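Student: Oh and the sequence shown: position 187 is 187 in the working numbering, straight run, nothing missing.
Since the hints were made in silico from the structure, they are not lab data.
One should not assume that every hint holds.
[To be verified] Simulated DEER-style distance windows between Cβ atoms: (1) Pro199 to Leu64: 17 to 25 Å; (2) Leu118 to Glu184: 37 to 45 Å; (3) Thr58 to Leu82: 13 to 21 Å; (4) Thr14 to Pro200: 22 to 30 Å; (5) Pro199 to Ala110: 16 to 24 Å; (6) Leu82 to Gln185: 26 to 34 Å; (7) Ile165 to Ala68: 22 to 30 Å; (8) His25 to Ile165: 16 to 24 Å; (9) Thr58 to Leu198: 19 to 27 Å; (10) Gln86 to Pro171: 21 to 29 Å; (11) Pro171 to Glu44: 33 to 41 Å; (12) Pro201 to Asp108: 40 to 48 Å; (13) Leu82 to Arg195: 32 to 40 Å.
Remember, it's a predicted structure, so these values are computed and weren't measured experimentally.
Beta carbons: idealized from backbone N, C-alpha and C, even for Gly.
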Amino acid sequence: MIAFEGTEGTGKSTHLSLVAGALRHQGYAVCETREPGGTAMGAEIRRLVMHLDSAAPTALAELLLYLADRAQHIAEVIRPALAAGQVVLTDRFSASTIAYQAYGRGLDLATVSQLDALVCSGLTADLTVLLDCPVAIGLQRARGDDRFHRAETAFHERVRQGFLIQAAEHPDRYCLIDATRAREQVTAQVLAAVRAALPPP
């Protein structure tokens, strides 16, 4: 399983889609998915956590909603796809939980990690592609209208640092990519990293 991670506006979804197409052309069976929202239940959770400003969840409630999404996502999508021999490309996974809920929201890192480990039950990304760019550039690119895009810049800075810390702590499982470069250059680097992590088709 390959996870695509990064702060808002780094191009995760775009590059995941481009890489998926390239892998299929090379003969791989690919499952494209995302968190939250990779299942019917996940789509409802996505609506709750991203668009309910008037009744925004607390930091702990938000964490538990994301973990509920992940539990269903793993059972319904990821494990069956892996069992079928597919390459799973997911737009966000555990690294986002650590970055957003622990570093961004300020929840206890050990607690967040333990709860995520419980939900994942041994499942980890074989490679995490971390697309990184300065927060100001990412927010300008994203121009989204959900709760996260409207959050204060300091929140996004904490999240970015959370991602970078994880990449520094696990260099064998992370590929850190400068997302400020031209899209073609970024896609080529991402595809090379993903191919290096996969067996032949």
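Student: Next, verify each hint and record whether it holds.
Tutor: Hints and how they fare:
1. Pro199 to Leu64: 17 to 25 Å: violated, 36 Å
2. Leu118 to Glu184: 37 to 45 Å: holds, 40 Å
3. Thr58 to Leu82: 13 to 21 Å: With a Cβ separation near 33 Å, Thr58 and Leu82 fall outside 13 to 21 Å, so the hint is violated.
4. Thr14 to Pro200: 22 to 30 Å: Distance hint for Thr14, Pro200 holds at roughly 26 Å.
5. Pro199 to Ala110: 16 to 24 Å: violated, 35 Å
6. Leu82 to Gln185: 26 to 34 Å: holds, 30 Å
7. Ile165 to Ala68: 22 to 30 Å: holds, 26 Å
8. His25 to Ile165: 16 to 24 Å: violated, 35 Å
9. Thr58 to Leu198: 19 to 27 Å: violated, 40 Å
10. Gln86 to Pro171: 21 to 29 Å: Because 27 Å falls inside the window, the suggested range holds.
11. Pro171 to Glu44: 33 to 41 Å: Since Pro171 and Glu44 have Cβ atoms about 37 Å apart, the given range 33 to 41 Å holds.
12. Pro201 to Asp108: 40 to 48 Å: Given about 42 Å between the Cβ atoms, the range holds.
13. Leu82 to Arg195: 32 to 40 Å: violated, 18 Å
Of the hints listed earlier, those the structure fails to meet are numbers 1, 3, 5, 8, 9 and 13, in rising order.
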